[in-house]
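Now for the letters of each chain:
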Amino acid sequence: MSEPFEPKIVAFVCTYCTYAGADLAGTSRLKYAPNVRIVRLPCTGRISPMFILKALQKGADSVLVSGCHPGDCHFTSGNYHARRRWTVFRALLSFTGIPEERIRFSWISAAEGAKFAELINEITDDTRKLGPFTQYQELQKVIETQSSY
Amino acid sequence: MGIQEQYRSEAAALLSSGEVKLVIGFGAGSTADRRRPLFARTPEEAQKFVLDAACIANLSTYLLAEGLLSDGKKVGVFLKPDGIRSVNILISEAQLKPEQVVILGYAIENGKDVAALEGRNISDFSIGEKIRNLTPPPHVIEAAEKIEAMSAEERFEYWKEEFSKCIKCYACRQVCPMCYCRRCIVDVNQPQWVSTSSHTLGNFEWNLVRAFHLAGRCASCGACDRACPVNIPLRLVNYRMGKEVRSAFDYVAGENSDQKPVLASFKQDDPETFIL
Amino acid sequence: MALFAPVPETLSTQGFRMAKIGVFVCHCGENIASKVDTGNLVKALSDHPGVEICNEYKYFCSDPGQETVKRAIRENNLTGVVVAACSPRMHETTFRKACAEAGLNPYMLELANIREQCSWVHSDKDQATEKAIEITRSLVEKVKRNNELKPISVPVTRRALVIGGGIAGIQAALDIAGAGREVILVEREPSIGGHMSQLSETFPTLDCSQCILTPRMVEAIQHPNITVLTYSEVEEVDGYIGNFKVKVRKKARYVDMSKCTGCGDCIQKCPVKKIPSEFECGLGNRTAIYTPFAQAVPNVPVIDKNRCTYFKNGKCKICQKTCQIENCIDFEMQDTFEEFEIGAIVVATGFQIQDTSVYGEYGYGKYKDVITGLHFERLASASGPTAGKILRPSDGKEPETVVFIQCAGSRDPSKGVKYCSKICCMYTAKHAMLFAHKHHDGNSKIFYMDIRAAGKGYDEFTRRAIEEDEAEYLRGRVSKVFEENGKLIVRGVDTLLGKPVEVAADMVVLATAIVPQPDAKEFAKKIGIGYDEYGFYNEAHLKLRPVETATAGIYLCGACQSPKDIPDSVAQASATAAKVLGLFSREQLEREPVVAAVGEATCAGCWGCVSACPYNAIEQKEIRDRNGNLVKEVASVNPGLCQGCGTCVTFCRSNSIDLAGFTEKQIFAEVMAL
Chain P
1 MSEPFEPKIV AFVCTYCTYA GADLAGTSRL KYAPNVRIVR LPCTGRISPM
51 FILKALQKGA DSVLVSGCHP GDCHFTSGNY HARRRWTVFR ALLSFTGIPE
101 ERIRFSWISA AEGAKFAELI NEITDDTRKL GPFTQYQELQ KVIETQSSY
Chain B
1 MGIQEQYRSE AAALLSSGEV KLVIGFGAGS TADRRRPLFA RTPEEAQKFV
51 LDAACIANLS TYLLAEGLLS DGKKVGVFLK PDGIRSVNIL ISEAQLKPEQ
101 VVILGYAIEN GKDVAALEGR NISDFSIGEK IRNLTPPPHV IEAAEKIEAM
151 SAEERFEYWK EEFSKCIKCY ACRQVCPMCY CRRCIVDVNQ PQWVSTSSHT
201 LGNFEWNLVR AFHLAGRCAS CGACDRACPV NIPLRLVNYR MGKEVRSAFD
251 YVAGENSDQK PVLASFKQDD PETFIL
Chain L
1 MALFAPVPET LSTQGFRMAK IGVFVCHCGE NIASKVDTGN LVKALSDHPG
51 VEICNEYKYF CSDPGQETVK RAIRENNLTG VVVAACSPRM HETTFRKACA
101 EAGLNPYMLE LANIREQCSW VHSDKDQATE KAIEITRSLV EKVKRNNELK
151 PISVPVTRRA LVIGGGIAGI QAALDIAGAG REVILVEREP SIGGHMSQLS
201 ETFPTLDCSQ CILTPRMVEA IQHPNITVLT YSEVEEVDGY IGNFKVKVRK
251 KARYVDMSKC TGCGDCIQKC PVKKIPSEFE CGLGNRTAIY TPFAQAVPNV
301 PVIDKNRCTY FKNGKCKICQ KTCQIENCID FEMQDTFEEF EIGAIVVATG
351 FQIQDTSVYG EYGYGKYKDV ITGLHFERLA SASGPTAGKI LRPSDGKEPE
401 TVVFIQCAGS RDPSKGVKYC SKICCMYTAK HAMLFAHKHH DGNSKIFYMD
451 IRAAGKGYDE FTRRAIEEDE AEYLRGRVSK VFEENGKLIV RGVDTLLGKP
501 VEVAADMVVL ATAIVPQPDA KEFAKKIGIG YDEYGFYNEA HLKLRPVETA
551 TAGIYLCGAC QSPKDIPDSV AQASATAAKV LGLFSREQLE REPVVAAVGE
601 ATCAGCWGCV SACPYNAIEQ KEIRDRNGNL VKEVASVNPG LCQGCGTCVT
651 FCRSNSIDLA GFTEKQIFAE VMAL
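Chains as they are written, first to last, in our numbering: chain P, 1 to 149; chain B, 1 to 276; chain L, 1 to 674.
Just to be clear, a hint being listed does not mean it is correct.
Straight-line distance between alpha carbons at most 20 Å, and here's what the computed DMTMM-like set of lysine to aspartate or glutamate pairs gives [what the hints assert, rightly or not]:
1. B:Lys267 to P:Asp72
2. B:Lys260 to L:Glu619
3. P:Lys31 to L:Glu130
4. L:Lys305 to L:Asp330
5. L:Lys245 to L:Glu522
6. L:Lys632 to B:Glu93
Derived by calculation from the structure, the hints in this document are not laboratory data.
Here the structure is a predicted model, which is why all the values come from computation and not from measurement.
The whole structure should be built from the sequences, with the hints applied where relevant.
This is how it looks when you write it as structure tokens:
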């Protein structure tokens, strides 16, 4: 590759904490990598594992899932439910060979604009090192039932 | 009197007394070492039941046949501990009423001997401890550990190879007692979460989703493994999920019949070391 | 059973129409246009399927901007609108209104956030433009699948909770109560009054703080609409705007509020007399059974359990023996809890002053005569430990020269806090004046960085301190305070003269920084509001919504939001009262229709959603056939209780629940367009 690889990152965030935190990064004019696309959901409780799979299918090289810190959830416990799902889903992805480094989870409050900006930069840098997630995207080229049958 | 005769007469008694309207058990299969489900509605039919070490299927699946239990009548069913475990899960998920299920319990020991399990109602089987100690066959654990020892890339290649064999026949779903949804997510086309195109991506998605939906719900009966016509080791993923919910949340599916679903409950101090 | 289940009625697209989407790209002056090539954005979106019209304009939020949107909706029969502009948290309401006025359902709108989350955070114009295009495109795909929604009505409980009984809380409570609404005023100290009750005189009028505050305190406790709960703390807040459930812990006072006459005999007789009084900042003492100050409201003492001889040794009970009322003092008393239904919450939890011992060079804690501004207030107060005489804490002598050090913590990123504590310039001038009035030959020298005296009568006030009361202002910082021959030598610099200076002082007063309450962050988490990096509570918008929090129904006033003087605190308190009364002027409240709904045909009745719902909003519903036979039981969402988190949707394995505004179809389309 002659062109430097620009990773595509999709972030699924809750509207009350991380989305507001990302807005704060903006109002504070903090600069961060332009590689992230944010999908706003009401709560981390609404973020389905299917969203992550679809983002990977659409060429995301990394995915960030982020919401309110434990105890801070606008909906009191959506993030606790989300945390359990993440634990399980993460184990599943890891077991099936989808690297844990590509699916990141964080708590970012409405006050943590700086944390948001830093994390996006960090994920962008890390993903640049990991390279594009072609392994997953190329699944669309493997035609079923042809390999061993 | 051997266990087979004992259970034949018990099933017949249940039917003739009218306590149950149906007994689900095993009959002879297409070959000498295979058994197929047998549904007995009369004491005479009950005489055809076979019970031996080849009776490995988890018959609890058939309890969920649509309309079967809606008349409130009881049904008898031959169940191994894994079957009892699935009944526990199904009761906790409100798919079965405990009073409608009469259990003819048995266990296969050393792969050849069949022993009777005491009790008839689910509440008689206080087998929480036993279920906690239930382990899948050693080859499953071994295979799972082998996969865990691989690099992420190797793991991916391994599953890509396996999942590429999938012909989307959904036998794994049909045979699984936990797949009782009236509409499976794979059949949702608005939106089409699971790709139907003829590439492996859809298979990957389907198998991931199924494993996720079974996390903390799998009774580890191995029915999916046996049902798969292309021999994808589906059980490994489910085993790994069970291991995760146990280590992270100390949750063992089907330990009792009043558990809250593991993914619809939480503790404030659940582990979260991976969250930045 | 139908093979293909119909989507819930509330979520189906009412009368399917071919998508005609309008995309409006806002420049926001230069805010967006300088980093995003809006021309390219318009070009890219114009070609996108389903986009009927795509415009750009300098300020779409302006009147003519909104008119453009409205006209476009009418003229093109648009079915959906995407405004690529600022955050939806900023202008979603504005554009929803515009849509509604043009006859389009206001929920057929999405805002593409290309300002806060794009132009303001990226430097490369090409990359920012590419990102803006992708954001906008994915929201066009989302809005195509939006549904026409109607707001939900919920009842409003017209009772307010005010947390904190300082001047801000008292004012808010009085204003709300004065308009005829019930108020629960919770204060964690034994008396209401807050910091203002500790002050001597107040700037810029030099009227006595107690004289103006005490009548307000009495009015509050006597008001028929106000329930004052002192020595109480808010334990739990559940619910939402108009419908909060609040649990209050009433700490055991060991004195029966209903019986005590406030005679004070018990206080007189208490043998434990040498407890440093918190109210006097340690300059005076109090007993173990005590009221914080003489004018306390309510005038009912509490027993300090940690200091009381009886609680420590099991013997004493002198207070009980002294008390002439039977069972008034009760050592067996326990904390009790009370729950309230509340419609709106005013947070007025106030501030603390920073611990100045981090400034070792100022000698605070080392030299008794280096004190804080709050100490000085107590010294100058007629009801204080010296009865209003300015005396040195070390030897009780009258100081000749007093040095005031401003910004002792404020505006100091290295050791203190970054912000300006706002009130110190004024109270330091006041202190100098009070000292001059009480001690005609005394000298005041004030080290300052800037004199910030913006406010009605404020600059005149500081001028008076300088011109009439001869306070000497030295512009510069102090590097060291040390003792020499019984004097406190203050070494600093006069930057206007460009020379180091040394002043031999008898007393040094530090204008310490205002900081949030030590438990401010935990408390914010408990009640569900945001806070900044220091722990001051966040308003919904610094300029335009300064008394609301991001959590609907919770309002802020006083120094818990930022350092504030009395006039500002009171003004803000009245503003919160206006907000609360505005809310209470309605019996019903319109709420976002972002609620879940169940597809009954496919629901398997596993009740996982019931277990997952944080609001117990999901019920079990029986489906019966025409003969009344039970077919099955399914989940059913009570839209009045549902808050729209979507936790149930994600749980549901058969995809039988969906969330209005964030449906599976919408999110799928949004993600697939990225």
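The hints, checked one at a time:
{"no.": "1", "hint": "B:Lys267 to P:Asp72", "result": "holds, 15 Å"}
{"no.": "2", "hint": "B:Lys260 to L:Glu619", "result": "holds, 16 Å"}
{"no.": "3", "hint": "P:Lys31 to L:Glu130", "result": "holds, 16 Å"}
{"no.": "4", "hint": "L:Lys305 to L:Asp330", "result": "holds, 12 Å"}
{"no.": "5", "hint": "L:Lys245 to L:Glu522", "result": "holds, 19 Å"}
{"no.": "6", "hint": "L:Lys632 to B:Glu93", "result": "holds, 14 Å"}
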